Amino acid sequence: MKGDKEIRHRPHWFEQFLEGWSVFWQNPLGKIGVTLLGIFALMAFSSFIPPLVNPMYHPMTGVDPEIYSSVGPSARHWLGTDFMGRDIFSQLLAGARIAFMVGVSAAFMSIFLGTAFGMIAGYMGGFVDTLLMRLADVIMVLPTLLVVLILASLFGQLNIWTIVLIIALFRWPGVSRVIRSQALTLKQRPFIEAARVAGASHIRIIFRHIMPNVLPLAFLYMTFRVTAAIIIEAALAFLGFGDPGTVSWGMMLQWVWKTGHMFKALYWLLPPGICISLITLSFYMIGRAMDEVLDPRLRREETAR
Amino acid sequence: MTLPGADENVLLKVEAIKKYFPVRGGFFQRVRGRIKAVDGVDLEIQKGKTLGLVGESGCGKSTVARLILKLLEPDSGRILYNQKEITRLTERQMRPIRREMQIIFQDPMGALNPRMTVGSVLQEGLMVLGLENKKRRERVAQLLYLVGLPDEAARMYPHEFSGGQRQRIGIARALSVEPSLLVCDEPISALDVSIQAQIINLLKELQERLSLSYLFISHDLNVVGYLCDWCAVMYLGQVMEYGSTDMIFERHMHPYTKALLASVPAREPGKGLPIPLEGDVPSPLNPPPGCRFQGRCPMVEERCRKHEIDLHEAGECHLVRCWKV
Numbered sequence: 003m004k005g006d007k008e009i010r011h012r013p014h015w016f017e018q019f020l021e022g023w024s025v026f027w028q029n030p031l032g033k034i035g036v037t038l039l040g041i042f043a044l045m046a047f048s049s050f051i052p053p054l055v056n057p058m059y060h061p062m063t064g065v066d067p068e069i070y071s072s073v074g075p076s077a078r079h080w081l082g083t084d085f086m087g088r089d090i091f092s093q094l095l096a097g098a099r100i101a102f103m104v105g106v107s108a109a110f111m112s113i114f115l116g117t118a119f120g121m122i123a124g125y126m127g128g129f130v131d132t133l134l135m136r137l138a139d140v141i142m143v144l145p146t147l148l149v150v151l152i153l154a155s156l157f158g159q160l161n162i163w164t165i166v167l168i169i170a171l172f173r174w175p176g177v178s179r180v181i182r183s184q185a186l187t188l189k190q191r192p193f194i195e196a197a198r199v200a201g202a203s204h205i206r207i208i209f210r211h212i213m214p215n216v217l218p219l220a221f222l223y224m225t226f227r228v229t230a231a232i233i234i235e236a237a238l239a240f241l242g243f244g245d246p247g248t249v250s251w252g253m254m255l256q257w258v259w260k261t262g263h264m265f266k267a268l269y270w271l272l273p274p275g276i277c278i279s280l281i282t283l284s285f286y287m288i289g290r291a292m293d294e295v296l297d298p299r300l301r302r303e304e305t306a307r
Numbered sequence: 058m059t060l061p062g063a064d065e066n067v068l069l070k071v072e073a074i075k076k077y078f079p080v081r082g083g084f085f086q087r088v089r090g091r092i093k094a095v096d097g098v099d100l101e102i103q104k105g106k107t108l109g110l111v112g113e114s115g116c117g118k119s120t121v122a123r124l125i126l127k128l129l130e131p132d133s134g135r136i137l138y139n140q141k142e143i144t145r146l147t148e149r150q151m152r153p154i155r156r157e158m159q160i161i162f163q164d165p166m167g168a169l170n171p172r173m174t175v176g177s178v179l180q181e182g183l184m185v186l187g188l189e190n191k192k193r194r195e196r197v198a199q200l201l202y203l204v205g206l207p208d209e210a211a212r213m214y215p216h217e218f219s220g221g222q223r224q225r226i227g228i229a230r231a232l233s234v235e236p237s238l239l240v241c242d243e244p245i246s247a248l249d250v251s252i253q254a255q256i257i258n259l260l261k262e263l264q265e266r267l268s269l270s271y272l273f274i275s276h277d278l279n280v281v282g283y284l285c286d287w288c289a290v291m292y293l294g295q296v297m298e299y300g301s302t303d304m305i306f307e308r309h310m311h312p313y314t315k316a317l318l319a320s321v322p323a324r325e326p327g328k329g330l331p332i333p334l335e336g337d338v339p340s341p342l343n344p345p346p347g348c349r350f351q352g353r354c355p356m357v358e359e360r361c362r363k364h365e366i367d368l369h370e371a372g373e374c375h376l377v378r379c380w381k382v
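If you read the protein sequences in the order shown, they are chains H and P.
Following the numbering used here, the numbering of the first sequence begins with 3 at its first residue and continues without gaps.
Following the numbering used here, the numbering of the second sequence begins with 58 at its first residue and continues without gaps.
None of these hints come from the bench; they were simulated from the model.
Predicted model only: the values in this text are computed from it and were never measured.
Even for Gly, the Cβ is constructed at its ideal location relative to N, Cα and C.
It is possible that part of the hints are untrue.
[Unchecked claim] Covered by chain P, per the in silico footprint, the following chain H stretches (three or more residues, Cβ under 8 Å): (1) 192 to 202; (2) 210 to 222.
[Stated by the list, open to error] Residues from chain P that face chain H, not an exhaustive set, calculated with beta carbons under 7 Å: (3) L126; (4) L128; (5) R152; (6) R155; (7) Q159; (8) I160; (9) F162; (10) G167; (11) A168; (12) L169; (13) N170; (14) E181; (15) G182; (16) V185.
With the hints as constraints, model all of the structure from the sequences given.
Right, here's the structure in full:
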């Protein structure tokens with residue numbers, strides 16, 4: 003390797019990050035995914051701007067005083083308005099914010115649960131392992147969407163954070179299985195035995211030796227979980243069980259459908275639909291590219307070097 | 058069992074330990090059989106001395122090491138450390154004794170957490186002991202000096218070192234808590250030959266300086282002959298011959314020991330051609346009846362096939378498990 007000397011004095015994690023990033027960036031999937039995600043992040047951040055320009059651009063409450071029905075794109079409303087004269091473009095920006103909020107927080111919570119349960123099950127083994135994994139199996143076979151629909155019809159409209167929590171609670175088992183298998187192989191490595199011989203407690207071994215070694219994998223699974231969370235939220239909202247107080251892309255689709263504009267107002271139907279597809283696609287592509295960083299066997303000849 | 062003349066200064070005594078691993082199978086995961094990894098092993102390690110444990114792969118050497126360190130629970134038998142029984146101690150009760158016995162592993166890469174700096178690897182045991190930060194750092198510097206590594210090593214990660222250097226780090230970690238007994242589980246078999254000598258000499262030097270006791274597991278007989286005071290030859294979970302290294306090397310009696318020693322390449326070509334053993338080691342899941350070695354023994358008799366035999370005295374400081382002796 004060139005420049006061996008100078009790299010050596012950088013901190014280890016930074017060096018690893020640079021190395022990983024170069025592999026990631028050489029992958030077209032990674033490039034496209036990050037670019038797309040950058041665009042959506044920009045949309046989410048700029049969602050605060052339209053209501054400041056003019057109160058009628060507020061995605062939820064802002065109504066154009068001169069428009070009473072859905073109108074096509076114009077200079078005043080770049081993507082047109084919905085059935086009561088709200089601006090679709092500002093709704094789309096607000097939807098990006100909601101998608102990030104729902105996706106990242108649900109994914110983070112489910113990864114947190116999955117990693118904790120997976121590490122404990124894999125490391126402790128025996129009865130604890132059996133108990134946690136049977137619990138995971140039970141939750142894994144429950145159809146998430148159906149359960150959320152039933153809960154929604156029982157308790158009325160669900161708050162967006164309740165939806166996030168439910169998604170997280172139903173989506174940790176898959177992660178915990180993967181983390182458990184990783185913990186099982188780590189447990190057999192001599193450095194864990196060395197830590198035990200040194201007198202380290204189980205908690206210490208789990209946090210200092212197992213966790214740093216499973217976290218990269220957990221982050222990889224987080225990207226896939228983001229995708230799942232966004233899709234579930236969109237489906238719920240489209241079916242009419244979303245949080246009526248938020249403007250999500252699923253909610254927009256629900257309004258299109260409910261007001262009978264399904265195929266009459268493509269300027270209203272297409273943007274949220276395309277956005278949902280593209281944001282999930284971008285997270286998926288990032289996950290695939292990250293997979294290649296974490297698992298060198300997937301790398302092709304020229305990227306491996 | 059006592060070895061004649063070896064009763065005083067005993068640091069570690071292992072009496073008839075057994076470890077059977079259950080093999081499960083079928084619909085209800087019933088126990089279908091047991092792998093007799095360690096089947097009644099007696100050993101003794103004296104203060105400041107080295108006991109060599111030799112044998113083919115899979116004969117239970119490493120299992121013995123893990124039983125002694127209580128990484129595995131023995132099924133029966135006793136382990137005494139400094140005349141104190143530690144066989145049935147719980148993890149918590151074991152913790153104060155842990156620092157007395159440390160281990161060096163065969164694979165120096167797998168033995169170090171890839172995400173920890175060498176400094177924090179070496180500090181682990183000290184943190185468990187509750188040493189304050191400043192003292193820990195001083196100790197790390199001291200340890201690195203002891204095993205012949207530069208000070209900067211503390212800030213580097215395991216992957217930046219060569220195999221021999223990693224093994225030195227492994228030794229430094231084992232020494233960090235000031236143990237009395239060091240279990241060396243094939244510490245040199247994964248290293249280059251030129252590095253092997255360095256590590257052996259380091260171990261020898263450390264033993265003299267810190268008056269350590271070693272349990273040295275190896276299948277390299279030359280090294281065992283050079284390093285060990287006592288020597289035990291294992292085959293299929295049992296000790297076949299046990300005695301002072303001189304006895305084992307000069308006046309061995311067991312046919313398996315003979316075959317093992319004969320398989321060491323001779324210094325002068327043409328002299329002492331190895332006598333190859335017939336067949337493979339039988340499965341420890343289903344060891345042969347009678348003597349464990351009967352299927353491959355060139356001197357096998359009828360009684361060997363039918364009856365087991367215990368280790369018995371064959372001379373001063375010398376025990377053998379064979380009908381013919």
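Status of each hint after checking the structure:
{"no.": "1", "hint": "192 to 202", "in the structure": "holds (count 10)"}
{"no.": "2", "hint": "210 to 222", "in the structure": "holds (count 4)"}
{"no.": "3", "hint": "L126", "in the structure": "holds (6 Å)"}
{"no.": "4", "hint": "L128", "in the structure": "holds (6 Å)"}
{"no.": "5", "hint": "R152", "in the structure": "holds (5 Å)"}
{"no.": "6", "hint": "R155", "in the structure": "holds (4 Å)"}
{"no.": "7", "hint": "Q159", "in the structure": "holds (6 Å)"}
{"no.": "8", "hint": "I160", "in the structure": "holds (5 Å)"}
{"no.": "9", "hint": "F162", "in the structure": "holds (4 Å)"}
{"no.": "10", "hint": "G167", "in the structure": "holds (5 Å)"}
{"no.": "11", "hint": "A168", "in the structure": "holds (4 Å)"}
{"no.": "12", "hint": "L169", "in the structure": "holds (6 Å)"}
{"no.": "13", "hint": "N170", "in the structure": "holds (5 Å)"}
{"no.": "14", "hint": "E181", "in the structure": "holds (5 Å)"}
{"no.": "15", "hint": "G182", "in the structure": "holds (4 Å)"}
{"no.": "16", "hint": "V185", "in the structure": "holds (4 Å)"}
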